[in-house]
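K.L.:
Chain by chain, the residues run as shown.
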Amino acid sequence: MTYQLGWSVIPQILVRRERWPGGYKTKGIPLVHPGQDVLPDQPVLRLEKNEPVEAIETVPIPRLSLPGVIDTLTYPDHSSRNGDVSLNRLHADETLPAGLRGRVVDITRRGSVIIESCAAVLQGAIGAGNQVAGVLTMWQAPDAGRGQQAIPPGALLVIPGPLNFAMLRQAMISGVVGVIASSISSRDFEGFLRTDLIELIDSVDVELAQAHLPQMTVLLTEGLGTIAMPARTMNLLSHYQGSIALLSGATSVRQGIFPELVISLPAKEVQQNWHPVRPDPILTLGAQVRVCSGDHEGAIGSIDYLYSHEQVFPSGIRARAARLRLEDGSMLTIPLTLVERIS
Amino acid sequence: MNTQPNTEGGQRQSPASSSNLNPSVANSLLVADCGTVFTKVSLLGLVEGQYRLMARGEAPTTIAPPHEDITRGIIQAINVIEFITGRHFVSEGRIISPEQPVGDGVDVFIATISAGGPIRLVVLGAVDAAMEGLVGQAASGLYAETHALPSPSFVVTSVPNLVSVGAGSTSVSRGAGGAWTPERVALEWERQIERIRELQPHAALIVGVADGPAGPAPLQEACQLLVSAAKELNEQHGAGVSAGVAPNDVASRQIAVLYAAAPEYVEAVRGMLQGVAEVTRVESLVSQTQIGPTSIAVGGLYDRDVMRHIPGYAHLHGWSSSAPVATATSLSSLVRFLAQHYAMNVMAVDIGGATTTLMLAGERGEFIPKVNTGMGVGPAVGAILQKVGIQRIARWLPFDISEEESRQYVLNRMLHPHVVPTNQRDLQISQAFAREALILTVEAVKQSNFEWLDADLILATGGVLSHAPKFGQVALMLLDALQPRGVTSLVLDRTMLISQLGAVATVAPVAAVQVNENDAVTHRLGTCVIPFGTMPRGELAIRVDLEYTNGRQLTVDVMGGSIEVIPLRTNEQALLSLFPAPTVDVGLGPGERARAAEEIDGGLVGLIIDARGRPLDLPGDEKERQARLLQWMQAIGA
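Residue numbers (this note's numbering), protein chains in the order written: chain A, 1 to 343; chain B, 1 to 638.
Any given hint might turn out to be false.
[What the hints assert, rightly or not] Pairs of lysine to any residue residues, derived as SDA-like cross-links and limited to a Cα-Cα distance of at most 25 Å, are as follows:
| hint | chain 1 | residue 1 | chain 2 | residue 2 |
| --- | --- | --- | --- | --- |
| 1 | B | Lys-470 | A | Gly-191 |
| 2 | B | Lys-470 | A | Thr-333 |
| 3 | B | Lys-231 | A | Ala-211 |
| 4 | A | Lys-27 | B | Glu-198 |
| 5 | B | Lys-387 | A | Gly-191 |
| 6 | B | Lys-231 | A | Gln-255 |
[Claimed, not checked] If you want a taste of the chain B side facing chain A, the calculated C-beta under 10 Å gives, among others:
| hint | residue |
| --- | --- |
| 7 | Arg-197 |
| 8 | Leu-199 |
| 9 | Glu-235 |
| 10 | Ala-383 |
| 11 | Gln-424 |
| 12 | Gln-473 |
| 13 | Met-559 |
| 14 | Pro-590 |
Derived from the structure by calculation, the hints contain no laboratory data. Since the structure is predicted, the reported quantities are computational estimates derived from the model, not experimental observations. Glycine included, each C-beta is placed from N, C-alpha and C at the ideal position.
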């Protein structure tokens, strides 16, 4: 997998993101205007959110005029025959915070707001759920002295390790709007989402696919399984603990959409230490990489050597390969296609 | 049933063409095939007066972010060739052309493309099972997905001869659901609009005549559905566009409409869809004789609405005097040529990341193309599991596999389609999926109205086959999935070139023929004898006599339920005589003996006698099945 922005963790980059919670039948009313600076907790959008009701309404459309047509078909109700039927929905107002610090650069036709921001970006391997904003909150394992951690409702909860079904359920009950973790078994993830994960990530219409999921967004940095979160990712998340961030979980292999967490940098950091990076996904000597599949999935290391000739692997497959120096100092020869550059 | 026509004959001059050399006198050619997952580039050149494959390189396809430029993957693959040959082919992001005196550059550059996904086509109007079959045939050689959405009036009046609405959809069952109340009709409308929203089609095909019980109502409803769907799709498409942009300036998400229905209503349909969709009339599709025009029209839409929208396409086109060609179109040209050239039935199978292709051409001009879009061993592997279930995958594995492991494999492969299997277990799982991809494709062909041909020669290509570590593995995958009968030959395209040679032939036919014979089809796995009929396991199925060219003679008795490989290496020939048991057939009738009129050729595996029976029946008992698989793998060297 090559990350959309090149690497999985990008400490500083200028991004533009549409603030939009998903859904077709939603209309946004912007509360800001292009050129305006916004803060992460500032409401930027009021939603006319639609909820389904039973009533069916017909919308008239042009009639087809056919020469010499004899109507041979009898419909029980002609209005249904000629009309485009749409479900009428009730509206309930709701405001959305920006989630980002930056400048409004555009308003879209559906009323969403495009914000440009100097941010850190974390790209996930897989996730689910619409875009949400919340306060990054590190989860702490309960211990005898402190007891159970109080998780503020509306938080983006960072769980620095593999997840399971019970943890997701608990987070949902606590009112958490999003969870960022390293990994989860496919069975537990599907159990929580109550959907077929293969169908979900193979969907063409991503917004429609997210509409039926639980109202808690999930981003998995490493993917499926029981892989730990790399230190580099953990450090970034710890550094911005308490900040408001924008999380999207939508994943579509067909549309090339992957989950991401965007954390606007504090104004002071931008003023004093703004060094945006231009991520280069090309595998070069010394590049930090992650093994994305196989027996060593999740291992982090740097490229120590790029073989000129194809190497043979235990499966018998011959492939172009690299030798990695892993974090524990060991060496690993692995096909180039199994490594992804992370920084 | 045509494949996409190469309407430009591969000769259209690009305004930014970098090569104006007469291709027929080219010294060197670079040929790129941009697949969904990998881009393969081959360098062809003259060696002692013959065109040969000189080097090849492979790199991930780069149409997705962060690259979003198909040419970057091509350049990366060319860089591999540059490393191998020490020559330079790219300068400042362009192909150096023509070939320079120092050896840098090439005279001709050709590209084939299967990346970018299929064209999604909704079929509207009076769509019954027969019509769906015709449309399926028209699109069978193209990168096209068809989804039938029969109009409600047609559904109402054609009970019980209904088709299910929408591929994979089950919400309208055949005759089920009771009376068509206004509420039910209204819900059906909503459901169809929802389905279109979900599919996000590139195009619609309106079909049906107006002389059925529903009259022209299905055509009218097709228009109504398109008007509603277009409104929704445009709202969806333009939703993220700046509000400061006038609606007229916002690129609209227009659905192209092909009208292959009752000709007397075409103007009325045009009128109704005015401003909503561009309507192109094609010959009414009512029988097999009219599928050609529909096929050509859909192929043209694929070219216009899919291929040309691939990021970097314009840049790529500028590299060459010939327009990029759909890979399936190129492969179909080659298969038909080979069938005529060798005067035999030739089958080519290509298992890709997102598509599995089967092309079968007969010596008398018969042609069966099947591009099974959305069925592959890369990003589309999930569709295989969804379609066949874990049991059909597991049946090919000589070990136990849990549903969770198989789903984990699939999800990982969907998310990381570039990965290659590094251990035996993953390799065998990937080959199990490859078998099912082929089986589904064969099933799709047989469900169509095509008349199946027994292939004399089977050509295999695509990463999972071409990169298989052992030739025996390839032979076994082909025998398991295709289940040929009688006598056939298996050839592996290790170079993954055959899919491109059809396109090469339109520009440099001599190069295509010579490279095909010199390099592309040189990995001959061997001749296969596949007896069929009643063959009790453990009893003599067939006696095989071989008389080698050096005079040595060998007789082998092959038992039912087994595979035997008789030594007959590459460049060896032998005269073959077959003595089947009375209930066993080798193509001439039960018990009929056969003696080859000419010597048969050997191959990298040898002479394969597959006496496992047809259809291949795997034991129900897990342990027995696994033991049998291991036995067969060992026998064939897999």
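K.L.:
Taking 25 Å as the top limit, are the C-alpha atoms of B:Lys-231 and A:Gln-255 close enough?
P.N.:
Given pair B:Lys-231, A:Gln-255 holds - Cα atoms ~22 Å apart, limit 25 Å.
K.L.:
Do the alpha carbons of B:Lys-231 and A:Ala-211 lie within 25 Å of each other, as the hint requires?
P.N.:
holds, 20 Å
K.L.:
Is the shortest C-beta separation between B:Leu-199 and chain A less than 10 Å?
P.N.:
Check passed: Cβ of B:Leu-199 comes within 6 Å of chain A, closer than 10 Å.
K.L.:
Within 25 Å, alpha carbon to alpha carbon, are B:Lys-387 and A:Gly-191?
P.N.:
holds, 21 Å
K.L.:
Min Cβ distance, B:Met-559 to chain A: is it shorter than 10 Å?
P.N.:
violated, 29 Å
K.L.:
Is the interface hint satisfied for B:Gln-473? The criterion is a beta-carbon contact with chain A at less than 10 Å.
P.N.:
Holds. Min distance 9 Å.
K.L.:
May I ask you to test the interface hint for B:Pro-590 with respect to chain A, counting a Cβ-Cβ separation under 10 Å as satisfied?
P.N.:
Since chain A brings no Cβ nearer than about 40 Å to B:Pro-590, farther than 10 Å, the hint is violated.
K.L.:
Quick check on B:Glu-235 please, does its C-beta sit within 10 Å of some C-beta on chain A?
P.N.:
holds, 7 Å
K.L.:
For the pair supplied as a hint, B:Lys-470 and A:Thr-333, confirm whether the alpha-carbon distance does not exceed 25 Å.
P.N.:
Between B:Lys-470 and A:Thr-333 the Cα gap is close to 22 Å, so the pair holds against 25 Å.
K.L.:
Holds or violated: A:Lys-27 and B:Glu-198, Cα atoms, limit 25 Å.
P.N.:
holds, 20 Å
K.L.:
Under 10 Å, Cβ to Cβ, is where B:Arg-197 needs to be relative to chain A, so tell me if that hint holds or is violated.
P.N.:
The hint holds - B:Arg-197 has a Cβ within 10 Å of chain A, the shortest such distance being about 6 Å.
K.L.:
Taking 10 Å as the limit, does the beta-carbon of B:Ala-383 come near enough to a beta-carbon in chain A?
P.N.:
holds, 7 Å
Consistency with the previously given hints fails for numbers 1, 13 and 14, ordered from lowest to highest.
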